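Q: Single-letter residue listing:
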Amino acid sequence: GAVVSQHPSRVICKSGTSVKIECRSLDFQATTMFWYRQFPKQSLMLMATSNEGSKATYEQGVEKDKFLINHASLTLSTLTVTSAHPEDSSFYICSARGDRGGAGSYNEQFFGPGTRLTVL
Amino acid sequence: GENVEQHPSTLSVQEGDSAVIKCTYSDSASNYFPWYKQELGKGPQLIIDIRSNVGEKKDQRIAVTLNKTAKHFSLHITETQPEDSAVYFCAASRGYSTLTFGKGTMLLVSP
Numbered sequence: 050g051a052v053v054s055q056h057p058s059r060v061i062c063k064s065g066t067s068v069k070i071e072c073r074s075l076d077f078q079a080t081t082m083f084w085y086r087q088f089p090k091q092s093l094m095l096m097a098t099s100n101e102g103s104k105a106t107y108e109q110g111v112e113k114d115k116f117l118i119n120h121a122s123l124t125l126s127t128l129t130v131t132s133a134h135p136e137d138s139s140f141y142i143c144s145a146r147g148d149r150g151g152a153g154s155y156n157e158q159f160f161g162p163g164t165r166l167t168v169l
Numbered sequence: 732g733e734n735v736e737q738h739p740s741t742l743s744v745q746e747g748d749s750a751v752i753k754c755t756y757s758d759s760a761s762n763y764f765p766w767y768k769q770e771l772g773k774g775p776q777l778i779i780d781i782r783s784n785v786g787e788k789k790d791q792r793i794a795v796t797l798n799k800t801a802k803h804f805s806l807h808i809t810e811t812q813p814e815d816s817a818v819y820f821c822a823a824s825r826g827y828s829t830l831t832f833g834k835g836t837m838l839l840v841s842p
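Going line by line, the protein sequences match chains A and B. Here our numbering runs 49 ahead of the position in the first sequence, where the first position is 1. Here our numbering runs 731 ahead of the position in the second sequence, where the first position is 1.
Because the hints were derived from the structure by calculation, they are not lab data. Be careful, since some hints might not be right.
[Claimed, not checked] With a straight-line Cα cutoff of 25 Å, these simulated DSS-like cross-link-like pairs (lysine-lysine) come out:
1. B:K789 with B:K802
2. A:K90 with B:K799
3. A:K90 with B:K789
4. A:K104 with A:K63
5. A:K113 with A:K63
6. B:K768 with A:K90
7. B:K788 with A:K90
8. B:K834 with B:K753
9. B:K788 with A:K63
10. A:K69 with B:K788
11. B:K799 with B:K789
12. A:K69 with A:K113
13. B:K773 with B:K834
14. B:K773 with B:K799
15. B:K834 with B:K789
16. B:K802 with B:K773
17. B:K834 with B:K788
18. A:K63 with A:K115
Here the structure is a predicted model, which means the values were calculated and not measured.
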């Protein structure tokens, strides 16, 4: 149980285009999803927290107009990188947390496999 | 806010040896401490976690210990195998706050 998928696994795009990444919880309802960014040989950097049906909360320094997050259902959150530039190239990872008392109770977070974004 | 320190940054062991990774945290109210294993090009995988109401938890070759007084927790891997080679991250959180991660430990198990 507690499987999280991400799509696509890797994407290459031209500078100036937008890219959408999907994060799905496959076998539990994720009331909260998190989006992280990870640079090579570094730890995970939290970008934003999204709760189903409400606006995402962004970490300091993360541009909300550039990284659009939508959490429209209990099993799907999307991250759209708008007007992507080479400096946005990174490994993006989502995680999901379930309802309190259900799968993912306490603060268990289950991570997706990540999306490698390369902006040319 | 919470601050998590993780040591060592790299750890090389021979197959069959034990490996220990240590983390310290700053927020005495933190009550959840997970450990994640991340293989190259993949997302982190939760391998074991511990909550503040217990001092030790074991799952086959993996164990985690927690010292709340000293505010540190450790991951112990016994009888290491080459497939244990990966980057390991510790994390801490208070209640349902966000996870704060350590910087990671690259574990290399040589056959």
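Q: Which of the listed hints are broken here?
A: 2, 3, 4, 7, 9, 10, 14 and 16
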